[in-house]
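Using the sequences and the hints given, assemble the complete structure.
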Amino acid sequence: NAGVTQTPKFQVLKTGQSMTLQCAQDMNHNSMYWYRQDPGMGLRLIYYSASEGTTDKGEVPNGYNVSRLNKREFSLRLESAAPSQTSVYFCASRGTDMNTEAFFGQGTRLTVV
Amino acid sequence: EDKVVQSPLSLVVHEGDTVTLNCSYEVTNFRSLLWYKQEKKAPTFLFMLTSSGIEKKSGRLSSILDKKELFSILNITATQTGDSAVYLCASPGGSNYKLTFGKGTLLTVNP
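So the protein lines, in turn, are chains A and B.
Residue numbers for the first sequence follow our numbering, beginning at 7 and rising by one.
Residue numbers for the second sequence follow our numbering, beginning at 1139 and rising by one.
Simulated from the structure, these hints should not be mistaken for laboratory data.
Source: prediction; values computed, not measured.
Keep in mind that the hints are not guaranteed to be accurate.
Stated by the list, open to error - Under the rule of at most 25 Å between Cα atoms (straight-line distance), these lysine-lysine pairs were calculated in the DSS-like manner:
(1) A/Lys63 to B/Lys1141
(2) B/Lys1206 to A/Lys63
(3) A/Lys15 to B/Lys1175
As the list claims (entries may be wrong) - Examples of chain A residues lying across from chain B (beta carbon under 8 Å, computed):
(4) Ser37
(5) Thr102
(6) Phe110
Don't be surprised by glycine CBs; every beta carbon is placed ideally from N, CA and C.
Given below as structure tokens:
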């Protein structure tokens, strides 16, 4: 039972470098999400995708782009990393039946120096 | 804009104490409220609440929803050191796709 798989688990970038965080789910969920988590800030929504082919901004989208490649995969791209993007990133997926919970990947710890 | 507010933000108790964590929400087209536990890794699901006044229970943890006053509480009785974690609540609002989390309550249980 893979659930939600995120890669990589750890990454160190230099300021200005770019990278893509990958996320895939095998639960046939329609909705997928990217969150960042900073100390004392809970989970803040970066972008979400209600279904294949659609994406929407969350609370903190600046500096990020996303792609919903197909129903399984939802990637997050940092085009020009900044130290303020140092954080732990979580991908999640959720079915869109009336009431369902979200399932999370194991997280990516990103440090931008 | 949808809002989920948790209180307190942190709490320190002794083993055996009972704690109550609070979550208030303002979301359009409310459907459900979710509770998660997070211990240094990904959040794990605890409860989903959809109806007022119906308690959900799992061992020493229980939760209830008040849709009139727009809040939920999570109770933990006879706390143990293994209950130390961040507890998060969340609610899907609007079209049911956007899932908004609160800032979490950091619970520390000392032996």
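Evaluated hints:
Using a Cα cut-off of 25 Å, the hinted pair A/Lys63 and B/Lys1141 holds, with the two alpha carbons roughly 16 Å apart. Between B/Lys1206 and A/Lys63, the direct Cα distance comes to roughly 30 Å. Violation of the 25 Å bound is thereby established for this hinted pair. Pair hint A/Lys15 plus B/Lys1175 holds up; C-alpha atoms about 20 Å apart against a cutoff of 25 Å. Taking 8 Å as the C-beta cut-off, the interface hint given for A/Ser37 holds, the closest approach to chain B being about 5 Å.
For A/Thr102, the interface hint holds, the least distance from its beta-carbon to any beta-carbon of chain B being 6 Å, beneath 8 Å. Interface restraint check for A/Phe110: the shortest CB-CB distance to chain B comes to about 4 Å, inside 8 Å, so the restraint holds.
The earlier numbered hint that this structure contradicts is number 2, and it is the only one.
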